[in-house]
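Enquirer: Here are the chains, one letter per residue:
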Amino acid sequence: MSDMAVHGMAGEFEPSLFGTYSKKIGMWLFLLSDTLTFGALLFAYSYGRISNPDWPTPFHKESIINATIMTGCLLSSSLTMVLGVLAARRGDRSWTRNWILFTMFFGSAFIVLHGMEWTKLIAEGMTSSRNPWSSTVQQFGGTFFTLTGMHMLHVTIGVIYLGVVSLRKAFLPILLVIWGLVFFLTPTDSVFHVGVHVLLAGLVIAAVILFLKPKDYDAHDVEIAGLYWHFVDLVWMFIFPLVYLMSTRVQG
Amino acid sequence: MHTAAAHHDEGKGQYFWVWGALLLLTAVEVALAYKQVFEPVRMLEALMILSVIKSALIIGYFMHLKYEIAAMKWVMMVAVCACLCLMCVFFADAARILQLGVR
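Protein sequence lines, in the order shown, are assigned to chains A and B. Counted the way our numbering counts, the first sequence spans residues 1 to 252. Counted the way our numbering counts, the second sequence spans residues 253 to 355.
Careful: at least some of the hints might be erroneous.
Pairs of lysine-lysine, PhoX-like flavour, derived with a Cα cap of 25 angstroms [stated by the list, open to error]:
#	chain 1	residue 1	chain 2	residue 2
1	A	K61	B	K287
2	B	K318	A	K120
3	A	K24	B	K318
These are calculated hints, taken from the structure and not from any lab test. Just so it is clear, the structure is predicted and the values come from calculations on it, not from any experiment.
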């Protein structure tokens, strides 16, 4: 087939099956595969929850309030993200960036609150292989940290992704400063001290992408980033009731 | 390129309504769990129904799937829902362990 047949003749090809551009279909397919990853983790957690009558219930009032605020942060971040997508479609670059920055703020608040929750549980004696609330259900810590850790990793990647889309190369030094501050100002046994290395890995990957293929991200890119962000919010809508609300400790 | 999702009415109002509904449903979930309104299995069912409603709102409105063409909606949703439903097969074994113990 000649180049003209391939590139030169509009209408030569039948329209996309899904009526949209390929980048969006690619992101949807990725999200579907990620759904199965989280689905497997959630089903594994639920399996353990159902098959163990002595499943620990460590989440008292303070933890539930904290997790509810985290949920509010993610839901609010989805609202600001969709407003950012609308602004991008209007061609309003200033408000696109502002709404995405609001989204990043809510996402960062979620990560910090979740890190504090982890810190509290670890201080109470919970590790991936044991917990102080039930001697017969040792897998509680492993399933909890795997499930919530996987989600927190996705939120962190989402914040970096949005930073790249909204600020491009200007985001790289900001990321480096945040990593340096957290790494050097937190105790070495802190959750944040260890977890902040995800930012360093994200910095390297973002730098490679931004320098090898610099581009001005358009409304389509913002919409695709939004799809990823809403998915992260969506997954939490199942983790929150399954992990926290089903393990509420009303007394004590 | 114009897409199916770009043609719909893009009023901001509906997104604030969806956001409000999501917050309200979250408050209902927290109230149900904290007041221990149902016994555990019934509670799990109630919370999952509310979570599915919340996820439908997020997918339909925030992710704009409501405004995509039918082929996109069906291919994307049917495949993933079928796979997730297949995972329910493990619950039979969880119930067996609960009632019979590990043999």
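Enquirer: Against this structure, judge whether each hint is valid.
Expert: Consistency of the hints with the structure:
With a CA separation close to 11 angstroms, the supplied pair K61 of chain A and K287 of chain B stays within the 25 angstroms bound. Between K318 of chain B and K120 of chain A the alpha-carbon distance is near 41 angstroms, which puts this suggested pair outside the 25 angstroms criterion. A distance of roughly 15 angstroms separates the Cα atoms of K24 of chain A and K318 of chain B; the hinted pair therefore holds under the 25 angstroms criterion.
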